[in-house]
Amino acid sequence: MNIIAEISRWAIPAFLLLVPLVAYLRKVKVYEVFVTGAEGGFWTAVKIIPYLVGMLVAIKVFVDSGAIDILAYLVKPVFGFFGLRQDLTQIIPLAIMRPLSGSGALGVATQIISEHGPDSFLGRLASTMQGSTDTTFFVLAMYFGSVGIKKYRYALKLGLIADITGLVASVYIVSKVFG
Amino acid sequence: MVNAVWLFLLVSGIIVAALTGRIDVVTNSAMAAAKLGVEVAISLIGIMSLWLGLMRLAEEAGLVRALARALEPLTRLLFPSIPRDHPALGAMILNISANILGLGNAATPFGLKAMDELQKLNQGKDEASEAMCTFLALNTSAITLIPATIIAVRLKAGSANPTEIIGTTIFATGCAMAAAIFVDYLFRRRKGGRS
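As you go down the protein sequences, you meet chains H and Y in turn. Residues in the first sequence are numbered from 1 upward in steps of one, following the numbering used here. Residues in the second sequence are numbered from 1001 upward in steps of one, following the numbering used here.
Hints were generated in silico from the structure; no laboratory data involved. Hints are supplied without guarantee of correctness; some may be wrong.
Per label pair, the in silico range of CB-to-CB distance [claimed, not checked]:
hint	chain 1	residue 1	chain 2	residue 2	range
1	Y	1070	H	70	48 to 54 angstroms
2	Y	1127	H	66	34 to 40 angstroms
3	H	86	Y	1077	41 to 47 angstroms
4	Y	1019	H	46	50 to 56 angstroms
5	Y	1066	H	32	20 to 26 angstroms
To be clear about the criterion: a stretch of chain Y counts as covered by chain H if any three or more of its residues have a C-beta under 8 angstroms from a C-beta of chain H, and this derived list gives those stretches [to be verified]:
hint	stretch
6	1019-1030
7	1033-1046
8	1093-1104
9	1134-1146
10	1158-1170
Computed from a predicted structure; not experimentally measured. Built from N, CA and C at the ideal position, the CB exists for glycine as well.
Work out the full structure: start from the sequences and follow the hints.
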């Protein structure tokens, strides 16, 4: 754990030191080449704007209007159908929010943790879920947007299957480890 | 599928707002989100430039190729459509590594660079390639060894052991990643699966 934290802390400085140094030793004109590469930064950032705006607007309207709460309410009976423990239904809003919005999901997770306590079953489950998957919609919009891809093919399906697997695995492992 | 989901989010949001008599929410949220989209993109410019500059250096020094070669057995399996030694491989490896270490600031520029390289290989131009789908599946499910943000939240909420969820998180994210790799393999075998 501490070793990993240290690696994370040193990774970027090491990268910043080693790459230019090795490049210099291999006779690359370091500054000139760096600047040529850096030129691409501006356009890449600008290109993702329409995709981000489109995705963020739809997501924020969905969340702020309360439609997300209604969806969470509609999903509840499914949990009963599978005979899962009742308090699990409290985690539904987080499960829906997680792939949509990073800041939104963090807000919901923080709320669950403060309401039920960080060391409760729900608190630990929310923590595990928050750390175990990414904001699939946001990432797809940004990454595909940067290269002008409009047809995602099966990418969204694939991302959501991974998210659902992460969710089920979270419930399983937290029940198993912490009971 | 993305068209249907996008429309669903927007339409259901507006209907719910209208039925609950809070239609103003739609206007305010839409405007705020549009502004946020630009802010996120603009705030990326500096970091993007820094990492793209370094990436170019690493490429010219032959480091990206060396990295791709070192992990070739793995990348052969996941990305059979990408020629060996292609710069896309190095950029994808750097992106996943940065994700694993929780270095979000570095991960995004590497990832966008990888997409740029993948797009050069992509014939269809406005349609995702198989390699892109595989890469994004890995990216969005990638293991984070230390979920730093949530640990901070737990600490603040007075947890007796804020880091006790690291193990469960790694397990869950590992399952997600395994599922992503496996299902992606199925999709690729089915060739041309549309949605």
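Hint-by-hint comparison with the structure:
no.	hint	verdict
1	Y/1070 to H/70: 48 to 54 angstroms	50 angstroms, holds
2	Y/1127 to H/66: 34 to 40 angstroms	35 angstroms, holds
3	H/86 to Y/1077: 41 to 47 angstroms	43 angstroms, holds
4	Y/1019 to H/46: 50 to 56 angstroms	38 angstroms, violated
5	Y/1066 to H/32: 20 to 26 angstroms	22 angstroms, holds
6	1019-1030	holds (count 7)
7	1033-1046	holds (count 11)
8	1093-1104	holds (count 4)
9	1134-1146	holds (count 9)
10	1158-1170	holds (count 12)
Of the numbered hints listed earlier, the single one contradicted by the structure is hint 4.
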